[in-house]
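**Student:** For this one, chain G is given, so just place chain F on it according to the hints.
Quick mapping for you: the protein sequence lines, in order, are chains G and F. First residue of the first sequence? That's 1 in the numbering used here, and the numbers climb one at a time after it. First residue of the second sequence? That's 1001 in the numbering used here, and the numbers climb one at a time after it.
You can trust all of the hints, since none of them are fake.
Each pair of labels, with its calculated beta carbon distance range:
| id | chain 1 | residue 1 | chain 2 | residue 2 | range |
| --- | --- | --- | --- | --- | --- |
| 1 | F | M1101 | G | E174 | 37 to 43 Å |
| 2 | G | P287 | F | R1282 | 52 to 58 Å |
| 3 | G | G128 | F | R1299 | 50 to 56 Å |
| 4 | F | K1199 | G | P287 | 25 to 31 Å |
With a straight-line cut-off of 30 Å between C-alpha atoms, the simulated DSSO-like cross-links for lysine-lysine are:
| id | chain 1 | residue 1 | chain 2 | residue 2 |
| --- | --- | --- | --- | --- |
| 5 | F | K1199 | F | K1073 |
| 6 | F | K1008 | F | K1199 |
| 7 | F | K1326 | G | K266 |
| 8 | G | K266 | F | K1199 |
| 9 | F | K1073 | F | K1123 |
| 10 | F | K1199 | F | K1123 |
Since the hints were made in silico from the structure, they are not lab data. Given the structure is predicted, the values throughout are model-derived calculations rather than measurements. We put the beta carbon where it would ideally sit given N, CA and C, even for glycine.
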Amino acid sequence: MSEVLLEVRDLVKHFPVGGGFFSRSDAVVRAIDGVSFSLHRGETLGLVGESGCGKTTTGRCILHLERPTSGQIIFEGIDIASKSERELRLLRRHMQVIFQDPYSSLNPRMTIGQILAEPIKVHRLVAGRAAREARVSELLTQVGLLPQHAQRYPHQLSGGQRQRVGIARALAMEPSLIICDEPVSALDVSIQAQIINLLEELQSRLGLTYLFIAHDLSVVRHISDRVVVMYLGKIVEVADRQALYEAPVHPYTRALLSAVPIPDPKLEASRERTVLRGEVPSPLTPPGGCVFHPRCPMAEARCSAEIPRLREITPGHWGACHLA
Amino acid sequence: MATLLEVKNLHTTFLTNAGVVRAVDDVSWDIQEGETVALVGESGCGKSVSALSVMRLVSEPAGRIESGEILYKGRDLLKLSEEQMRSVRGREIGMIFQEPMTSLNPVLSIGRQLTEGLEIHLKMTPPEAQARAVELLGMVGIPDPARRLAQYPHHFSGGMRQRMMIAMALACNPSLILADEPTTALDVTIQAQILELMKDLAQRLGVAMLIITHNLGVVARYADRVNVMYAGRIIEQASAAELYANPRHPYTLGLLRSVPRLDEPRRARLDPIDGQPPDLTRLPRGCAFSPRCTYRVERCAEAVPPLVALDAGHRSACWECERLVKAQAA
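So here's chain F without its partners, still in its complex pose:
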């Protein structure tokens, strides 16, 4: 398998009233062709900004990609002109956002929103684009697609809008789709429909996918590999199977333990992670998780632990990783 996208030492910052926020702080990850990779973490951890940086959609001037490389099929996207970048967005890399209502244009018909990209990127004639749009809507399970083309987003339910977003993302046969919390706004039964559809289409069309989510269950079901983020950094990286079986960072471990699970007997009490989520404008000097960590030692407050390889494909950024592994084994 060839590497499709490689993000190297990415730094993205935002200028706020409280100072410069390092939303993405020296982050590296990659996606192989046809693979599904997850970025997991809580609000403010930098997972969405990572995806926006790949698309070069970080809103300037407040937001800035400071440094790093984003190699897509070997080309550094950060070195492309705005013109060249436009031929990447939507054509090479598709995007699905969380809020289908706010990311669709309310005054353009469904058909127009689908055909626009086809005409611009693939130089299709309007009748060709129309035919392809019907095919796409059918593919994502929207009944009676020909009639639906004339309708507007407000005619669609939440689930249908998200199907429409998937159709738009797939329209130009991209090699990669970035899906930012694609099902968070949807009901449980519709969430299952949409995720199954995405998985099925990605497999059938051989599209690689980046899923950004806070839902550990969704990751377990759909991702091949996982990057866990906290306060702008990746703190653990592993295959999904390995991460859930042997979490090697106190934060990952804490997250997995804090959620009630339907497959396990009910516990008398949940084990939460203590403390509050990090304030990005006032991060500690050392490990950002250290104020909440049960494995904390003196060193944690002083220096940021690097992301180091433990065994094949498994990396963790924790000074006390060995102790954690021993405690887990015991």
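Looking at chain G on its own, in the form it has when it is part of the complex:
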């Protein structure tokens, strides 16, 4: 297997809540509670789960937009936490992010050309204005836009075109890792496939590595080599794409897969589905034992008492369930 580009070790992020200036409160939201995984060069790792499971916070910790409570993030062999802000800036060039909402992540007062040229200027990637403009044209072409788009403003573009600009902005830094945080979920169905194909083309052309954060399981299956499933701040299952979708070991993964409606009325009519009871508990007071046990259709007595360890069930397929 190729080299490890990113390793996340026992990552924990707690957010203190409540309590004003005078009243101290000890309540914490356990957004991420001991998450470990690694990402190989050239691979796409899918990170799925429902809102509040900690997938976005994990991405933000890797980008150092949040300081982890504990744990290590090792990128290109360097422990991020051990670096100063200055050294980090250099390192961060190699990891970029694509956000969900192409409407709010582009400055409305800048032209597309200015948006793309700014990071190139800041990081002094190419010298001189002419070279910068040439680079902007190249970037636009790379993401399927025209060099003329450099003169436009974000509001003059459609959602799909804006997301292409977001991708071009990430590429401007010549990154090795791109964290894609729900990159297609705000787009129309007919445009989603365009953007997914573009991301795949760029990956094979430029040798990019993706951490693909999403809640749409069909999209994640299409784009990922391996998939991590999170629930309430913890990893419940990790496996190769095929193993995860064909033989999921965790009851939560199984419920997620059965909840996805399939565009085929005949199939839907005959399909058995597990509808989970209840809702995701508050990360302020996560349940004891297995965090999933209050909603689990298979839960036994020990599930509420013992925390299941993430263990290798078959080679390369990890699950955190007593019953797997």
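**Tutor:** Here is chain F on its own, set in the frame of chain G:
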């Protein structure tokens, strides 16, 4: 089965800075009693405006229902006075919106929001309305309903709020519910809960339902019949089974092909629909889909294709429909 709602040649426009936008452009569809019908399409296709037009909630003066008929149990809703219309909204036709947080009143208790309609429409006394509210919350699966009545929307999670919206829509025993993207803002597992609940209640109470969504999977599971919209027009109409088995419009076909599916082997590449979504202020003269269409011929740019019947209950608005059918069969 009798026809419950019939929308005929509806035109709804909006006046914008860029000119008049025909958000709903000569659209006709109907719902039979007890049936679930879907309006499917992408943002800006006119599906929500269609529902708002039925309720006469298009915001004036920018928005205007220009012409058409909306026959509910044979009565044209467009001819009713505002007073009469108020007795239709909530009483005869209930509505569920996408964003339960923005469509509930944050400063009124859950109980009050439920009892208000009951007292006004059904002339219930406050204790009667209270009892009915408890029953409704129980029916939509909210635990401990009596205690919940005193709470406010911010005490509820997203899924609970949507259950509350369903309870409100059902409160006065309507014959029809318009559900505009009822589960889009919810997580997958909660989405499944809410949809199963809606389906179950609609069946049990015999309520007809219009589901507005962009999710082709949701349509496949819950709708009896489907209307596919693009740029303000219906471009294909069929039973759900027929539409998915034999799509007869290049746009429908393109949509179905562009989504990755969990039940099929993974494809190396997805087949997207090329181009950008239509700009309603600058639509081409002919078929609005023609700039993105792989079946395009000269005629498509010149004249808008009418929605024509192909076989029982299946209609498509495409000049090149025959060629598409042949290509599909091959």
